[in-house]
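Given the coordinates of chain A, assemble chain B onto it according to the supplied hints.
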Amino acid sequence: MRILYAFLLRLHPRAFRERFAEEMLAIFDEAPSVGFLGDAVLSLVRQWMFRPKQQPDAVAAQPSGMFQTLDTYTPRRSALIQGAVLSACFFWALVLAATNGGRPLQFLIGSPDPRPGLLSVTRSSIEPATPDATVRVPAPAAGPWFDFASRYFKIIYVLGGLDTDHDYVISAAEIAAAPAALRQLDLDGDGKLTAEECGHCLGAGYAPGCRGDNGSAGDEHGHIEWSREQLERFRAIFMSYNPVLAALDTDHDAEISATEIQNAPAALKRLDLNGDGRLLSVEIGPESVVRQILMDSTAAAPKQKGNSPRPRPRTAGR
Amino acid sequence: MRDHAKFLPLNPATLHILLALAGEDLHGYAIMQQVSIQSEGRYKLGPGTLYDNLQRLLQQSLVQEISRAGSDARRRYYRLTALGRGVLAAEITRLEGMIREAKLHLQTTRAGKA
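The listed protein sequences derive, respectively, from chains A and B. Each residue of the first sequence is one higher than the last, beginning at 1 in my numbering. Each residue of the second sequence is one higher than the last, beginning at 1 in my numbering.
Chain A on its own, in the form it takes in the complex:
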C-alpha cells in the first residue's frame, strides 16, 4: 500500500511533488490508512486540473510554446479546457451567424432559391432555374451539309425565308409559320411568288426580287438577252430542281400562288419522310448533294446505316 501511495505521489505535478511529497509520505508512514489512497487520487486530479502550474520567473519571461504569460504560472488545465470549449462555441456561433444570417438552419438541397446570408445581396448573376425551361442546343456549325447550306439558303430565297432561326433545318414551328414567311418574300405585293422572288436570277437586276448576289452570266454588265421561251423554261427548271419549291408549286406553273402560299404547311409536311416534324438536309437539299451527304455519313458510320432517313422519292421533272 505504501508503494501504491508513493506511486500516486510521483504522479503529482513536479513542483507540488518536490515540495510536499516527502511530508505526505512521512504522514502515511506514521499513520497508514486506506483512505489516504483516495485522498491522494483526489489530490492528483485537483493538482493537475484545477491548480495553476508554477514555473520559474526566467521561464515565464521568455516567449515559448504557443503563448506567453507574464505571470509566474501557466493557466490550470481546467481553465485551458474551458477556454477551448468557449472558443469552439464562439467560433461555431460566428460561423452560424455568417452563413445563415442568424436565421434557423434551412436545408435547401434542390431548391432554386438562393440561401439567405448575413450580407444581403440585391442582385445575383445566378438565375433561378425553372424545371420547364426549354434548352436550345445549337446545330453543329460544321459538316458537308452546313458548308453547302450556308450558301444554298442564300441562293434559294424561300429556304432562307422559311429558316428563320438560321439553323438550316426547317422546324415544325417554321413549317407552321411558312405562309407568313413566304408572304414577306412577295416584294411586288401581287400575292404570289414568282421564280425570281423565290431566288431565280439570270443576272443582276434582271427582275423584281432578284437580288443579284448569286452570281451572274452574260456581258460585262451582267445582262443577257433571253427569249421569252428560254426564260420560262429556266424558271420551270429552277422551281422543279429544289424539292421545297417543287413541293410548294403544286400546280407546276413556276409560281407559288396565294393559295399555294396558304397551303404551304401541308405541302412542306409531305417532304418530312422520317416523320420527325421537321425538314432536314436530305429532305430539302438538291438530290446530288443529298446523295453525297448520305455517302459520307455511311462511310463515317457504317453501323448506323439503317438509322439514316431514306432518300426521298424525287418528283418527276416537268
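Hints in this document: simulated from the structure, not taken from any laboratory. Heads up, a few of these hints could be off.
Stated by the list, open to error - Quick list of simulated restraints, FRET-style, between CB atoms:
hint, chain 1, residue 1, chain 2, residue 2, range
1, A, Glu30, B, Glu96, 28 to 38 Å
2, A, Ser33, B, Pro9, 27 to 37 Å
3, A, Gly83, B, Glu65, 25 to 35 Å
4, A, Trp48, B, Arg42, 26 to 36 Å
5, A, Phe7, B, Gln59, 19 to 29 Å
Stated by the list, open to error - The following residues of chain B were derived to be distant from chain A, with all beta-carbon distances above 10 Å:
hint, residue
6, Ile66
7, Glu96
8, Arg110
The structure displayed is predicted, hence computed values, not measured ones. Note that CB positions come from ideal geometry on N, CA and C, so glycine has one too.
Leaving out everything else, chain B in the frame of chain A:
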C-alpha cells in the same frame, strides 16, 4: 481590514488549518491531528487536502514555513503569519456576525410560532 476581506470567506479546510496553527507552530501530521481534535473527530483532513491548502496559504503568505529541529527530518513546521492571523480574526468576526444573525432569526421564528 480591506486586505483581509479579499480572502473571505474561508473554506472549512482552510479555516481549520488556520485555527490549528493559531496556537502554535505545527508540522503537517500535527495539523491533521489538531483539526481532528478541534472538530471532535467530525472533520478529518487527508494529506492531499492538507498540503493543497497549505500550498495556497503559503502562496498567499497567510502561513510561512519555519525551520525547526525535530526528530524527523522529513517534517516541516508551519507558522501563522500576521496576515494569516488577521484573516482568521476577520473570518471569526464574520462567522460571529452570521451566528448572531442566525440566532436572531431563530428567536423571531420561535416567538412567531408561540
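Okay, the hints, checked on the actual structure:
The hint said 28 to 38 Å for the Cβ distance between A/Glu30 and B/Glu96, and at roughly 36 Å that hint holds. A hinted range of 27 to 37 Å holds for the C-beta pair A/Ser33 and B/Pro9, which are about 30 Å apart. Our hint of 25 to 35 Å for A/Gly83 and B/Glu65 holds, since their Cβ atoms are close to 33 Å apart. For A/Trp48 and B/Arg42, the Cβ-Cβ distance of about 30 Å falls inside the hinted range of 26 to 36 Å, so the restraint holds.
At about 27 Å, the CB distance of A/Phe7 to B/Gln59 agrees with the hint of 19 to 29 Å. The claim that B/Ile66 lies off the interface holds: its Cβ sits roughly 14 Å from the closest Cβ of chain A, which is beyond the 10 Å cut-off. Separation of B/Glu96 from chain A is adequate, the least Cβ-Cβ distance of about 31 Å exceeding the 10 Å criterion. Every C-beta of chain A lies more than 10 Å from that of B/Arg110, the closest at about 41 Å, which supports listing it as non-interface.
In the structure shown, no violation is registered for any of the earlier numbered hints.
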